[in-house]
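A.B. asks: Protein chains in written order, with my numbering: chain A, 1257 to 1629; chain B, 757 to 866.
No lab work stands behind these hints, which were simulated from the structure alone.
One or more of the hints may lead you astray.
[Stated by the list, open to error] Partner residues are not named here, just some residues of chain B that face chain A (Cβ under 8 Å, in silico): (1) M757; (2) L763; (3) M764; (4) G769; (5) F770; (6) V773; (7) F774; (8) A793; (9) E795.
[What the hints assert, rightly or not] Here are the computed distance ranges between Cβ atoms for each label pair: (10) A798/B - Y1600/A: 30 to 38 Å; (11) K796/B - G1297/A: 20 to 28 Å; (12) R1439/A - I845/B: 29 to 37 Å.
Cβ coordinates follow ideal geometry from the N, Cα and C atoms, glycine included.
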Amino acid sequence: MSILEILWKIFEESGFAGIIEDPRYLVMILIACVLLYLGIGKKYEPLLMIPIAFGVLLANLPRTGITDGLIHYLSLGVEYGIYPSLVFLGTGAMTDFGPLIANPSSLLMGAGAQFGIFTAFLLALALGFDPKVAGAIGVIGGADGPTAILTASKLAMEYLPAIAIAAYSYMALIPMIQPPLMRLVTTEKERKTVMKQARSVSKTERIIFPIAVTIFVVLLIPDTAPLVGMLMFGNLLKETGLTDRLSETAQNALTNIVIIFLGISVGAKAVAVTFLTWRTILIIVLGLIAFGFSTIGGLLIGKIMYRVTGGKINPLIGSAGVSAVPMAARVSQIEGQKANPTNYLLMHAMGPNVAGVIGSAVAAGFMLKIFGA
Amino acid sequence: MGAGEALMVALSGFLVVFLMLIILWGIIVMINKVVTAIEKKAEDTAVPSFPEEPVRQEAPAAESASQTYGGEIALYDVDEKTAATIMAIISHETKIPLNQLVFKSIRAVE
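Could you put together the complete structure from these sequences and hints?
C.D. replies: The following block contains the structure:
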């Protein structure tokens, strides 16, 4: 065997030959690079976007066999819905439900902001998607990455990467997507509304809340147990004040490890055959529509509450009902201050914001209940 | 799935989310009422942890005459220096001059 033959054999077995054989790999590598740019250069949800993008890159380098080995085993955590639930454990440990307990009427805005889920579900059906897939696409409108991933892993595994990428991209784009809708739906007078300071919440209430929510919500819709159960468990660890070590682990080490595994596994599901289709583009568009309608739903409930309370509630906090904690609440604060510089809406907006997390988990549980069997 | 059935699923899903969160609202209100009642009962039966008659003190002097706080304030387990700091912070955050604010009492929670 001559040197030339050896070199040719090395080339023939290399990934470059694989790309020449199927140029779609090259397209996927370019997509991975664009996603990496969005995560690193534009700072779009970098904690998840970078692992997802790198997963896309790894899975689309031909002839590595990595998807049959390491990635295959890591992906089991997605397929069995383990990672999203563990991310919820960390989210619960980081979330302060105090603003929601102090002002429980904000639950209505959290419910209204799930409007986009059902609108996108109907639109996806109209565009010819299977009902299960339509349900998973709709959940993008909940603006909750782990919930969208869990639902997609159960109902539409082949579209999981597109759904996850859409969900996280739009969550990162909330400061751009929501403000025009907020100004469109509300009047200047409404945006100027200054809200009264909420009451203080006792430690006992904070401890009872996660226990009561778990018992009630999970009993009614058992499919919400992995999300709501873990969210509330994490919150209980935080609020008891007796399990600080566990709470800290859930917030930091565990969440960080799970995010690495989750991101890489989800990204690695984006292979050319299923990803490079018109349906991926449709999913991305439907995700944007879902986000828009969810924002409008929350704002409309906010407007109703503004009227009902005689102008005591600023409808801008309604848009925070899409989960995306705490970014959506920050957007409410920024828009509120633009209308009235003395307005501090952040803590008021945290109520609908965390209510949205529960609302999207319930909506996802509903989709799983109806289409999961 | 037909259009009618799809619409029914979407409507019932939205309804379920609303109902669930409305019931949660009720649960939160109920928890609040029960906890408040229990805590009030415990407070009534327990020996007060602070004197019945709080030490009424002249409010701490502020930095400049124009910002002087002229009211009287009841301090519960709070020293003058801490009270002055709290009042200054509130004045700064709310952008209301100290002489326009009225503090009735400051109490250490725990």
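A.B. asks: None of the hints should be skipped; say for each whether it holds.
C.D. replies: Hint by hint, here is what the structure shows:
no., hint, result
1, M757, "holds, 5 Å"
2, L763, "holds, 7 Å"
3, M764, "violated, 11 Å"
4, G769, "holds, 5 Å"
5, F770, "holds, 5 Å"
6, V773, "holds, 5 Å"
7, F774, "holds, 5 Å"
8, A793, "violated, 11 Å"
9, E795, "holds, 7 Å"
10, A798/B - Y1600/A: 30 to 38 Å, "holds, 33 Å"
11, K796/B - G1297/A: 20 to 28 Å, "violated, 57 Å"
12, R1439/A - I845/B: 29 to 37 Å, "holds, 33 Å"
Hint violations for this structure: numbers 3, 8 and 11, all remaining hints satisfied.
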